[in-house]
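Numbering-wise, my numbering puts 185 at position 177 of the sequence shown, and it's gapless, one number per residue.
Just so you know, these hints were derived from the structure itself, not from any lab.
Bear in mind that the values here come from a model prediction, so they are computed numbers and not experimental data.
Cβ atoms here follow ideal geometry from the backbone N, Cα and C, with glycine treated the same way.
Accuracy of the hints is not assured; some may be wrong.
Claimed, not checked - In silico SDA-like cross-links for lysine to any residue, where the CA-CA straight-line distance does not exceed 25 angstroms:
#1 Lys-230 <-> Trp-29
#2 Lys-167 <-> Ile-288
#3 Lys-230 <-> Leu-33
#4 Lys-231 <-> Leu-330
#5 Lys-231 <-> Ile-245
#6 Lys-230 <-> Ala-335
#7 Lys-230 <-> Pro-72
#8 Lys-167 <-> Leu-330
#9 Lys-231 <-> Ile-338
#10 Lys-211 <-> Gly-28
#11 Lys-230 <-> Lys-167
#12 Lys-53 <-> Ile-338
#13 Lys-230 <-> Lys-211
#14 Lys-230 <-> Ala-289
#15 Lys-231 <-> Phe-83
#16 Lys-53 <-> Gly-260
#17 Lys-167 <-> Phe-142
#18 Lys-211 <-> Ala-335
#19 Lys-135 <-> Ile-104
#20 Lys-167 <-> Ala-40
#21 Lys-135 <-> Ile-338
To be verified - Have a look at the derived ranges for each label pair, beta carbon to beta carbon:
#22 Leu-273 <-> Arg-92: 52 to 62 angstroms
#23 Met-188 <-> Ile-262: 36 to 46 angstroms
#24 Thr-216 <-> Glu-267: 46 to 56 angstroms
#25 Ile-245 <-> Leu-170: 37 to 47 angstroms
#26 Pro-268 <-> Ala-93: 23 to 33 angstroms
#27 Trp-51 <-> Ile-11: 45 to 55 angstroms
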Amino acid sequence: LGILALVFLVTFVVGYPLQGWLEALTSSLGSAVENGLQGEPQWIKGLLVDGIIGGAGSVLTFVPILVIFFFAMSFLEDVGYMARAAFVMDRFMHIIGLHGKSFLPMCLGFGCNVASVLGARIVESRKARLLTIFLTPFVPCTGRLAVITFISAAIFAGKALLVTWLLVALNIVMLGVAGMLIGRLLLREEPVPFIMELPLYHKPDFRTIGIVVWHRTIAFVKKAGTVILLFSIVLWIMSNVPAGGIDNSILGRIGMFLEPIGRPLGLDWRMVVALLSSVIAKENSVATLGILYSVGDQGLLSVLSAAIPRASALSFLVVLMLFIPCAPTIAVMRQE
9 LGILALVFLV TFVVGYPLQG WLEALTSSLG SAVENGLQGE PQWIKGLLVD GIIGGAGSVL
69 TFVPILVIFF FAMSFLEDVG YMARAAFVMD RFMHIIGLHG KSFLPMCLGF GCNVASVLGA
129 RIVESRKARL LTIFLTPFVP CTGRLAVITF ISAAIFAGKA LLVTWLLVAL NIVMLGVAGM
189 LIGRLLLREE PVPFIMELPL YHKPDFRTIG IVVWHRTIAF VKKAGTVILL FSIVLWIMSN
249 VPAGGIDNSI LGRIGMFLEP IGRPLGLDWR MVVALLSSVI AKENSVATLG ILYSVGDQGL
309 LSVLSAAIPR ASALSFLVVL MLFIPCAPTI AVMRQE
């Protein structure tokens with residue numbers, strides 16, 4: 009946990025200023041596009057500025073944070089730390105019904121829950137393997153980590169690191185509680201001894217680390233340029249049809265119909281819709297907020313800080329962290 013806290017500290021100290029710079033660049037791009045389209049139909053400007061730049065563009069500001077996080081996790085894997093961490097965590101993992109080897113695929117979950125579910129195949133015990141798969145959604149993937157980092161930085165400013173760490177700690181606690189309940193009530197099996205060869209610590213190969221970081225970052229950018237971009241365009245259309253303001257749109261009506269569900273938690277209809285959009289991909293929640301709050305050339309960080317109360321933002325982040333996993337993870341869990 010201390011190592012993980014250090015990773016978040018470095019991510020915030022180094023990544024947040026870079027993210028702010030990208031956010032300013034995105035805002036400037038939005039202003040330039042809007043000025044360059046003077047005289048064009050309003051729907052064209054709205055689609056490009058609010059839909060594409062305000063939606064998918066806001067998600068791309070995650071890149072500095074993700075690069076630093078990918079580098080930190082790849083560094084720990086390359087020097088041989090992760091295998092030792094699995095051995096050290098064996099006793100704790102058994103308390104919640106898991107196996108020491110479950111720690112390794114769960115660490116993959118910090119990158120992507122899909123990889124974590126597939127990685128559970130290394131666990132010999134059927135009970136521990138199934139339990140690892142069931143508990144994987146409690147591990148915050150990079151999508152969720154990027155979202156909570158982005159929103160907490162916008163809303164909580166100097167306390168953003170503390171809020172982020174507490175949210176991750178909450179998920180770890182819930183993982184432990186769920187593991188003990190499911191393991192003791194539903195899945196019963198004799199424990200399997202933990203036998204694992206520990207590699208020697210060695211100097212990191214920065215070329216290998218660089219390749220891993222590059223591939224993971226490119227995968228995220230491709231996702232932002234395909235799935236999230238397409239989703240942002242569809243969402244913008246739904247938020248502008250029929251004409252008459254966002255409250256009268258298809259998306260507005262759906263959101264207001266669902267708003268009573270989120271009202272006890274302090275969530276308005278925009279935040280409820282953002283949570284639902286995260287089922288497709290967690291990063292979609294930020295793209296959705298960018299479109300629904302009509303960010304345009306203002307920048308999502310500044311808009312959110314003025315539009316969302318702290319209590320509502322904290323409630324939103326807690327629900328996001330504990331919400332159902334994304335569709336690809338659900339599909340792989342069913343397959344495995």
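Against which earlier hints does the structure fall short, listed by number upward?
2, 10, 11, 12, 13, 17, 18, 20, 22 and 26
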